[in-house]
Each structure stands twice: as structure tokens, then as C-alpha cells.
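Peer 1: Take a look at the letters that make up each chain.
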Amino acid sequence: MEYEAVIGLETHVQLKTQSKMWCGCANAFGAPPNTNVCPVCLGLPGVLPVANDEALRLTVLGGLLLNCRIPSFAKFDRKNYFYPDVSKNYQITQYDRPSTTEGHLDFEFEGAIRRVRITRAHLEEDVGKSFHFERTSGIDFNRAGVPLLEIVSEPDLASADMAYAYLNALKDVLVYGGVSDCDMEKGMVRCDVNVSVRPRGAADLGAKIEIKNMNSFSGVRRALAYEIPRQIAVLERGGMLVQSTRRWDDAAGITEEMRTKEDAHDYRYFPDPDLMAFEPTESWLDEVRGRVVELPLARKQRFMRDYQLPAADAQTFVDDVALGAYFEGVAGQTRNPKAIANWVINNLRAHLAESQTTLADLRFRPAHLIELVELIDSGRISSRIAQDVFAEFFATGESPAAIVQRKGLSQVSDAGALEALCDEAIAANPGPVADYRAGKSAALNFIKGQVMRLSKGKANPAMAGEILERKLGGNRSGTRA
Amino acid sequence: MPNRLTVCELSRLLSRRELSSREATQACLDAIRQRDPVVRAFLHVDEAGALAQADAADAARRRGRSAETHPLLGIPVAIKDVIAVRNQPLTCGSRILARYIAPYDATVTEALRRAGAIFLGRLNLDEFAMGSSTENSAFGPTRNPWDTTRIPGGSSGGSAAAVAADECSAALGSDTGGSVRLPAAFCGVVGLKPTYGRVSRFGLVAYASSLDQIGLLTKTVRDAALLLETVAGHDPLDSTSVAQPVPPYAAGLDQSVAGLRVGLPREYFVEGGLDAEVRHSIDRAIAQLESLGVEPVEVSLPHTRYALGTFCLIAPAEASANLARFDGVRYGLRVEGADPIEMYARTRGAGFGPEVKRRIILGTHALSSGYYDAYYLRAQKVRTLIRQDFLDTFKQVDAILTPTAPTPPFKLGEKLADPLQMYLSDVFTISCNLAGICGLSLPCGFTTSPKLPIGMQLLGPPFGEEILLRLGYAFEQSTDWHRHRPPL
Ligand SMILES: [Zn+2]
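Chains as they are written, first to last, in this note's numbering: chain A, 1 to 481; chain B, 482 to 969.
FYI, nobody ran anything at the bench for these hints, they're computed from the structure.
One or more of the hints may lead you astray.
Claimed, not checked - Each computed SDA-like pair below joins lysine to any residue, with the alpha-carbon atoms no more than 20 Å apart:
(1) B/876 / B/917
(2) A/75 / B/959
(3) A/129 / B/720
(4) A/75 / B/720
(5) A/75 / B/723
(6) B/862 / A/269
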């Protein structure tokens, strides 16, 4: 029998706020343990939470970017469980009335656009972090109370690779929208994976198995690549799967059972009486709507459509938002956006990297880039010379036309001058000439290169090629008939 | 005897420099030293700190500071040990916090400090404010200054007893189901529970967050008005505090009460449950108010009989989560165990008293999967009905009058073995918290033998403190119940 996997993901990302969810402590990674703490996030007696408005905004923004509905009423609930890193022994979260619901995320996977439905994206607080020493344990509460957005997907994913693609797309959306930095090295993204298998085409879902606390996308992919065949093997052996929670052991590359449904927690959710319900006003929502940005996939598709860029170039501009914005600024004023894209991606990016500068430091104006492309397109300079011209105006900001003029770099397209240069090259290279005549068509390129060298790169290469071919009597036995 | 003076009287003498804050503070400290070994209202007295604050207040006054900008300048007060005062103990009457020192000021503490008040120390209470007699304190019960074989009421028993015994000018308490009003009635002082959201809860150790409200215990209604002006108002640190302007409560006291309508809910005057002497005093109080031009109106609050049951689900449910933080991990008592679970069990087992445990278990059960809808959710729905009862009634009347407690103060130990009997002490006060409205208890008589205080309760609409204080003040001015002193 053939089996299929059904996968849903619960992804927690830290929101990009200055301060924590309920207090004024910094939301910052890497501070010495228990330095970004106060009575509120330590859960001292008598303290009360006050919601961080920016976290509420980022939550709704995240929801909007994921095409979610924003209910007019949301509230906060207490999720009760004892754990040393939970300072109040309850976590404030949104249980049955989340801030955003019913969205979807489109992303590219295996050459097609796939859609995963988003059940909800809700706001909750992060907890502290436990450290275990030889004989004692310690807890760092710097992370306690950091706002988290939990994005719950419907079980619309079918493979480890698809889950991986979804997670990357989700991350792109959130980073793009300024909702989260999604820095996995800093623990800003964590994932719970729900996976079951069933005979292909079956209507009922198999026993849901949850893999908790994954902290990297590649880990999720590896865990699923292990877990799906494991579950299938159990069923194929005639075994039974029960609803349970498993842990991914990254070093061993296996999942292992933590607990089954029988000893599942009863979190005793109830509305947090310290917090008012959240009922966003229209003007508040408008402000958040104003922060919605174009999503990566939409941006890529638009770049491909509007500028006739190949997918790879469009992707480059999606991945590097600033570079993409720069390109758009220039491309709007030219008839040849494709050529501009090439210059931006191949030359500008390299020069920026080499000089360790950014787009903000550019000395030349967008018009210079357009002028450069026009100089090439009109045949005034060769592509080869254009490289030097680019380097020159990148360094100085002088206009391309001025550089060409000053340095006398105009392409030699004068037939008489080119004839003479070709004659000189033929005379100086009898060997390659003989090779070419003997049928080695590649030899022509060498001779053409000599013409370019003699012209200091200014010869029109196409014209030089034609003249050489004519002078050498064509290539009798080569590919060119 | 400056310790016997009201806040307003004291303030006047201090302003005229006829008395120094040091003298007033010393008088309270002397009274504490003399009386508190019997009354046991205080858990902690900060003698040196109080005198230093008093000296600072006197010095500031010499430099020109006055009651105009600092309405409580030099006035010695004391605070229930469930409200944080920086660098002072915050035990909540519990072994689990027996050695805990608060690192920050509650918002009300800060407000009193800013107004110039002197902090004498920490007042006894039922553990985590759970109780009606102050017998649930881990550090021993407080005694009623009128009869030290009797309880002072609770949970703010220390606050009421300290004010009644003239050990301080005024005190802060907290009221979740009657915890300010009941001890006020039992000790013969004034107790005000403001509207939910009127006073910041930041720094009040939570018992039941949706019911808790910081309240005032004073010798007179005027003092209560003055203190309320000081502590009321919106607090950005408490999301449930309300941005409603704070009226000049004291200035409004002298307005006439003639023509005001006071509702008498028939559900509160049922035969049998109400002590005869209490009934008699209340009837006389109603007649007294009538003589001032107040019109009594019979009203009905039909959902009253569900109030106690509703309270007994909501309060413990919230408490079960609020008290979860006392786990031995970060502060307070820790009894080591092999793993965190064992440490929690041992710490909480040793740290909490029986009533606290009872309510945590009750609340945990009420929130459990499978019971939540039948218990907690239903209780919330009934709560809405109870609130609606009141809001409807306040369309007909300006305030509601009831006894504060069905009986006079009872004997120590009398109801300790029967929690249900104990809960019934709050039967008249609980609805006020469920409805989120305001309530005032003030002395309205005494039993004959022994002589024990009787209190009447005035309930007002949300943010209707002005009316309550006005009515209370008019009544107080026309009677002398508040002038009686316990035989200490
Ligand atoms: Zn903090």
C-alpha cells in the first residue's frame, strides 16, 4: 500500500519590538543572564502586565501579510503549567479568540505555486531559558515576556521538503514585513511539527504525532524525513500509532517518544483578568494596514512580468530588498531593464562588496547607469570597455559619456580603421590563421582577440569578426557552412 | 493623644504646628507598643523608618511644604501586608513569603508617599487575603479591639483593628469579597471599597484579579474621602484601571442628601439569616437617613442568592493561577526536592495554609477540562446577571443600603472548623465585587452586651463613590457611632 504524509506546523517567531510584551525591559538577544528583567517579567508578587502596543500591531501586520482575517474582538488567556522557566507558572497567550485567523501563504515548491492555509496567527509571551550545570540548574529570564507570534498552519503539507519550503517562505514574509528578524541563530524561530500518515487518498487522518521544540528549518526537514518513514514502517508491520509527543534528537538523527495523549497536560485556559479584551479601532487597523508590504512571491512575479527578468534575477531582487528597490528606481526610466538588471546584479553588487560600501554611499546617479547601457546599445562602446567605464564612474561619479570622451574609448566602428587592424593581426599570427583555414573555427576568436588588443578594446567586435571572416575566406570545413 | 485623631484633625494640628509629625508618629508607635501585644494588628513595625520619615516631614514643613501640595504630610498610616512597600516585608500573611522583602512600591504606596504619608508598618491579614476573620494568617490572628476574644473580621482585620485601636490614623486594605467592609463593620470604623478600576492594583498581591480592589480603613467618612482622592486614578501600570477623572471627594461631602433615594434590597433583609440587633440598628439607621430627607425605596436584586456560589468559583479559579508563581524557584520559601515537581509540592505544601490550599484546589478543579463550562464559564454568566441587577436598580435609586454583615463579630475559633459558615459572613458584601461597583461600610450602632460594633453598607453605581461618601458623611454627622472607642 502506498502512504502519504499529512503535516501541519506551529511556528513561533519573536516579534521585532524594542521592549518586551508586558514590561519595559529590552527585547534583546545576548545580554548577560537576568539583566533584561524587572518585577513584571520575573513574576514577582503584585505585578501586572500591560500590553505592548507595537507587539499588537506586529501581530495584526503578520496576520495581514498571511492573508488572515482580523476579528474585531480578541483576548488574552492564561495557559497554566508549572515549569521553572515560566515565571508566573502560567503563560499569557490567546486561546479561543486570537488576533488573526483564517489566512493562507502561497509559495513556490517544485516549480509550482502551492498554498498552505493558516489557521491562526496569535500573540503570546516567550518563557525563560533553563541551563543545566553539573549539579544545579539556572534560568535566564531575559527571554521571558518577549512577544511571540505563533503561526498555526492547517495540515496542508505533504512532505519534508514541502515543509521546509513553507518555513522558508514564511520566514521571508515575516522578515520582509518587518514582523520578525527570524534569526535562528538567536533562537527567534521555533517550530512544533504535527505529522501523521495514512493510506494515499484516505479520508481520515492518522494518529497525530507532534515533534516539539524544533529550532531550525533543516532540523524540521530532517526530523520529518526520519519520522514519516518511521510511521509508515510501523503501519506496514501491522502496528498501531497513537497520538503522542516526540522529541527530535538532532545528534542521533532520530525522534523519540516524550509522552502519549493519556498524560497530556490540562492547561486550564481561562481569560486573563489582568488584561482587557483587544478590540482594534478602524483607525488603528488603518495604521497597521499602511505597513503592509509586497510579499516576496508577489514581488518576484511582478519583476518577472514588468521587467521581463529571468526568474533568477527576480529572485535576487527579492532576496536583496534594497538592491531590488534600487533596480526599480533605475529600470523605470529605461527601455532596457534587462540590461540594467545585469549591471546591477553583476557589477554593482560586486563593486559594493569589494569596496565595502552600500547603496547609500553611491557616488554616481541612476542616470549614469542608463547612459552606460545606451552607450552599449548604440554601439558607441563595447561591453568590454563598458566594464572599465562602470568601474570609473563607480569610483568617481563622473558621467559615462564624459569618461568615454575624455579617455577616447569610443568603439572603433570605422571600416577602414578596422580593416587595417585586422590586416595587422593576420600578419602577426600566421599560426592561428593557418589553423583557422584548416578548419579550426575557434582560432578566429583568438585572432579577433588580437584585433581587440591592438585597438585597446575599442574595436567593434562584431564588425571585426565579419572583416576577419571575409579576409580569411571563410571557414571551409568548419561548423559555419 | 494624637493617635486618636482623625487624619483631618491631625492634618489641621500639623499645619498649625501645634503638633509635629514626630509626636503624632511616636504616639502611634506608643499605642502599638502598648496595645498591639494583645490586638496583634501589626506583623511588622518599622519604628526607626517611621520616625525618620516623620522627621523628614517636619523638616519639609519647616521649609514651607504644606498640606496644599502634600495632603497627607506627616500623617502616620499603615498598610495591609499584601500591598508592596519598597524595602519592607511583603508576607501576605503566609509562610511562603515569610522572609520576602518587596523590591518596589505599589502604585498606591507611591501615591501615599508622594502625598507625604508616614508608613508605620505592615498589617495582619488572612493569608493572601483569603478569609473573613484574619484567623488564616500564618502569623496568628488579630483580635477585635472591642472584645479581644473575638475576631476583627477579615481579611483586612489588621487594618481595621489598627485604626479602631488608634494605632494609626488610617490604613490601606484590600477587598475581594468584603475584606475591607466586613472588618470595618466588626471593628467600628469606616471601610471603603472603591469601584473596580478606580484605584490601581499594581503592587497588590493578587488573590482574585477581577474582584480585588484596594480599599481604605479610616475613622471617619471625611478621612476616607481624603485618602481616596490621594490613591484613585488611572495607572498606566494597571490595564484594568480606568481613566475616569478623580472628583474632589472631600469638597463634595457637605452637599445635602435630601431627595436622594436609597434602595433596600428585599433579598438582604430576609428573616432568619439576619441577627436581630443588627436588624434593629439598620432599621434605626434607615429612619435616621429618612429624617435627613433621604427616601428609602424597596428594591430587588433577584440574583443575590447566586452571589456566594458564583464568588466561590470565580475567586478560587483566579487564585489558582495567581498563586502559582509561589513555587520556590525565584523567591520566597523553598523546600528542596529531587526534581522541580517535588520541590513545588514540598514548597507549596509547607508554605501555604489550609484555606489557601482549599481555594487553590477548588479553583484548579473549576478550571479543569470538562468542568470549565459548567463551573467557571457559568459563574461568569451569572456574574453578568448580578451586575445587571445592580445597574438596573441604580436607574431607580442613588445608592443601596444593607447591613455589612449578618451578625456581630464572632468568637475566635467559632467558625474556623466550618468554612461554609465563614464564607457566609461575606454574604452581603460579595455581590459588590462581582458587580464591580463601590461600597462603603460605616458604624451604625452597637450590640448591648457585650458592646460590639454594627456596620451598615452603602453600595453605589460604578464610579459613584461621591454619592456614597456624601450619604455616609451626612449620616455620620447626625450620629455619634464613630466617636465610640474600644475599651482597651
Ligand atoms: Zn521586565
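Peer 1: For a C-alpha distance cap of 20 Å, please report whether residue 129 of chain A and residue 720 of chain B respect it.
Peer 2: Violated. Residue 129 of chain A to residue 720 of chain B sits at ~27 Å, over the 20 Å cutoff.
Peer 1: Given the hint that residue 75 of chain A pairs with residue 959 of chain B, test it: the Cα-Cα distance must not exceed 20 Å.
Peer 2: violated, 49 Å
Peer 1: Quickly compare the C-alpha distance for residue 75 of chain A and residue 723 of chain B to 20 Å and report which way the hint goes.
Peer 2: holds, 18 Å
Peer 1: Holds or violated: residue 876 of chain B with residue 917 of chain B, Cα cutoff 20 Å?
Peer 2: With a Cα-Cα distance of about 16 Å, the restraint between residue 876 of chain B and residue 917 of chain B holds, given a limit of 20 Å.
Peer 1: Is residue 75 of chain A within 20 Å of residue 720 of chain B, Cα to Cα?
Peer 2: holds, 13 Å
Peer 1: Against the 20 Å threshold, does the CA-CA distance of residue 862 of chain B and residue 269 of chain A hold or violate the hint?
Peer 2: holds, 17 Å
Against the hints set out earlier in the document, violations occur for numbers 2 and 3.
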